[in-house]
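Participant: In case you want the letters, here they are:
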Amino acid sequence: MSTAVSKRSVAAASAQGQSRPRPPSPKVPPYLGLAFLALVAFGLFCWTWEGDAVLFFPLGDVVLWAPRDPLIGLIIMVMALLICFKLRISPMGAFGGLALIAITYWAGSNIHFIDRIAEVPGRLTGGNTRQQLLGYFNPDWSYLFLHNVAGTSRPIWGEWLITLCMAVVATIIGCFIGLLLAMLASPVSSLNKGTSQTIKAINSVVRSIPDVAWALLFAAFIGGTAYGLGALAAVLALIMFNIGIVAKLLSESIDAIQPGPLEAADAAGANLIQRDRVAVLPAVMPSFISYSLYVFELNIRASAALGVVGVAGIGGELSRQIGRMSQGYENVGAILWALVFVVLLVDLLSLWIRRKLL
Amino acid sequence: MIKFENVDVVYPNGYKGLSDISLEINQGEFVAIIGLSGAGKSTLIRAVNGLVPYTNGTLTVGETVVDPKNKSKLRKLRSKVGMIFQQFNNVGRISVLNNVLIGRSAFTPTWRSLIGWYGSQDKEVAFQSLERVGIVEKAYNRAAALSGGQQQRVAIARVLAQDPEVILADEPVASLDPPTARKVLGDLRTIQRDLGITCVVNMHHLDLARDYADRIIGMRNGEVVFDGPTQEATDSVIAEVYQRPLSADEIRQARGDGRLGEHIENPTEADLTQAVPAVEDGIERKDTV
Amino acid sequence: MSHGYKVSAALVGALLLASGGFLLTYAPAAESSDVFSRMMWGLAIGAGAFSVALTIYALAYVGTRKQRTREQQRVASGQSRGGYTPDGLDMRPVKPVKFWYNMALIMIGVLFVSSAAGTGMTLSALLEMPARVWDFGLQMVGGVAQVPDEEARGNWSSAFDAMLESVAIAWIGTIVGALFSLPCGILAARNMTPLATYIPMRFILSVIRAVPEIVFAVAIFIPLLGVGPADRGGAMAGAFALGISSIGTLSKLISESIEGVDQGPLEASRAAGASHIQVIRWAVLPQVLPEVIAIWLYRFEVNIRASAILGALGAGGIGRLISPPNGLFGQRPYDWEAIGITLFVIIAITMVVDQTSGFVRHRVIHGKTMRQKKRKPGDLAADEPEPPRSVAV
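Residue numbers (this note's numbering), protein chains in the order written: chain X, 1 to 358; chain S, 359 to 647; chain R, 648 to 1040.
If you're looking for bench data, these hints aren't it; they were derived computationally from the structure.
Every residue gets a Cβ at the ideal spot worked out from N, C-alpha and C, and that includes glycine.
A couple of the hints might just be wrong.
[Stated by the list, open to error] Computed from the model, here is a short list of chain X residues facing chain R with C-beta under 10 Å:
1) C46
2) V169
3) A305
4) L336
5) F341
[Claimed, not checked] Keeping only pairs whose Cα atoms sit at most 30 Å apart, straight-line, the calculated DSSO-like set for lysine-lysine is:
6) K481/S / K429/S
7) K481/S / K742/R
8) K713/R / K742/R
9) K745/R / K356/X
10) K193/X / K427/S
11) K429/S / K200/X
12) K374/S / K193/X
13) K438/S / K374/S
14) K356/X / K742/R
15) K431/S / K193/X
Kindly generate the complete structure, drawing on both the sequences and the hints.
Facilitator: In structure tokens form, the structure reads like this:
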């Protein structure tokens, strides 16, 4: 049956001489432009091959591109362009592909991808990598529960509590401030366009500084990394980190709320604060709770990690143990396993709360 | 009470919403505005409380001139002018009582609404308005959990809590099934008459307008093309407003013959799903207690 | 159990806890550990606050009961309010007792107080902070604003180098995550796979998600790939740690978006006799691809920030440049000009990357001709806003 159908249709088409629409083949000039771009990239690759610095405005010298074996890069790029052309992909899509390859090529050679991968088998068979890995999988639990932090009377498990406490405090304060900022940042609930733009700009600056940098900054601002001060620095850093996340996500939720109740509140003569309180806040409350829980999970991970730069909590102990790695990988292993365990517990807890509430 | 003098509304995108409207609506009148979609009915209503700023002319409510630029004056005006919407515009996640208390916003200090601690006076007013629309026993239910008719009653209660001089209603019953629509509109009419409130209502349903309104205003392309008492709004006049002859079906309904199988101009989802007139919620309530 | 009993039982418990915590603060055991003593302080304060809050709650509860009785009497006696003769229906409902809701609020307060006590923060340090912030801030701004001399030029170039290395790490991490996450996401979508693959896949993914990046970095990739700057393998370790932990989140998000696809085309292609792979290729992928790309790009933004913390552990990138002992913050006195320059570079590059990736995401999801539809203000109530398609976190 089906052969009959296809036969007939072929015959009919040829008989009537109809020209069927063919998929549009991409124009050549844009592709030539793309090929030119590939050549430019190749030129840059070549220029910076042996670590010659590209001058980067008068501020300083920066090696922007330092890929290995530029010829391979060129071949890959040209091949990709040819494939795109054959598959009749639009120039824009081909440009995306080209950019993907060029960036990946640059990034890969920037971090010495191939060299490192080639080294892995050697490391696995010899040296202390093996020992290290074995140590991680045989954690020393007694260290975690019975020992004190070296030179103090604080038990290791107490450090865990401090970490948790930091996360709780930072979550509560950070989410609250984040809520206020989100209200100011969304044009729906803000005073005016100018305020909302300003707050958004400030928020994106806050967000672009990583949490480690915040912790280090605050430790310096407070005047030392002595323990006790360290917890304060970590909490402040986490608060900034939380503000960034909550304000961004929540202001997007506020942008998307139904305009109806807002209009009703306006029509009832409510002022801005009243309107935000009665019409905006209830509408975004579920997302706020869910973001807060999300942020709490992030905080647990981050507060463990932040200790690495010398603030309080389990991270501090972790970095100390890493520092004297040669004495035994079992201690680090115990902390890491416990970290996985605690994070898993917190995830489960927040999943349970989410189910209960939402 | 409400006075339009050569009022124009031009939207920022250049669309002309109202052109040269001159109207006077008296104290205590129940005015229905009819017209096709896009004729400027919503714009007319929203201009009154400044939700849509008018661009030219003078618009007076009571003694005050509506001034879309002056926010605090506008708030003061809005506290006297209640508004009911097609989509009810209740905040779904808070209780009915809190929804009604939104209507008290203009009379409540900001800090009180901020922590949600309303004075007993405000609460009393809210309860009384809920009693008036007959859903006081739902006061602590979540607003989103109510049926459409009940939600619109909550919206009316919210407006009543404002103690308004004017009620504006933008398609108040377009999202309701026909029997409920009649019931809600009837309630609104009774309350309006009892309290002597001026009422301006947008309507799609011609028959409803004829049954409940004192006066009908017909609009087309942002202009008033008919204005007169309900008795004068004959079929031919209405056909002129809509710029097409009314179908026999529509005329029959307009005379009030076709109560149940009413024609709905823009059937909403609620209309389609609730086509069978179920037990109306007011009646249902009596039964359950 | 009625609310009265619940409240009083909780009250007694909280009081016992408070006094117990208070006593234990002075117990000999507490001397051996300041964490313990702080915890006990926290416990005592928390439980005290809890009992006070409970008392208030109980009083309010008693008040509501009175109100309810009054209301019942009023209706029974037929007393009118506001010109109505009340019947049973007009009985005003009494504010419901939201026991668990109130408990949850109280608990959050208690948790906050006791955690604040538990961290052992010395808040007095905050008093001196503003002056320092001002002083250091001025130095940082001065560092950025100065005409670069030889030293500043060195700072600028090392900051750019390190930040670009971070971007490279994040990019490779995202590529690794993206390569693995698409198949994993398809395997973890309920409408694509049988239960026998779905359950183990979900389990593996949630295990990956539960493991923080620093664990991957420290425990697996730093030993495997090396530690330190890029040429000694630290950057690779960071990239792989980010990549592996990206797999968890990315696959989950992708599987969710696959579960949300329109079922119509799937049925149509199944009805046309397409095999499972063909269904995925021609009915599922075209639907989800824009969203998947958006998710990948979003993860790239997240990874740039995350790479900083890995750097602090020796896994390359900007974190290595700033964190002690060898970084900028490890030197005393602090070189605030250099720190200012570095922070400036971090902010600038992160924002540029965010903007670019945000633009591409928008373009991919909405297409070239996307224009904000001008809403006619008059019809505001009539048209519902489109539900947001959230690019989840």
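Participant: Against this structure, judge whether each hint is valid.
Facilitator: Consistency of the hints with the structure:
1. C46: 19 Å, violated
2. V169: OK, holds: V169/X within 10 Å of chain R, min 5 Å.
3. A305: With a closest approach of 5 Å, the A305/X hint holds.
4. L336: 5 Å, holds
5. F341: 9 Å, holds
6. K481/S / K429/S: 27 Å, holds
7. K481/S / K742/R: 12 Å, holds
8. K713/R / K742/R: 12 Å, holds
9. K745/R / K356/X: Holds, at about 15 Å.
10. K193/X / K427/S: 16 Å, holds
11. K429/S / K200/X: Between K429/S and K200/X the Cα gap is close to 25 Å, so the pair holds against 30 Å.
12. K374/S / K193/X: 25 Å, holds
13. K438/S / K374/S: Roughly 28 Å between the alpha carbons, so the hint for K438/S and K374/S holds.
14. K356/X / K742/R: Measuring from Cα to Cα gives roughly 22 Å; hence the hint holds.
15. K431/S / K193/X: Holds, because 21 Å separates the two Cα atoms, which is no more than 30 Å.
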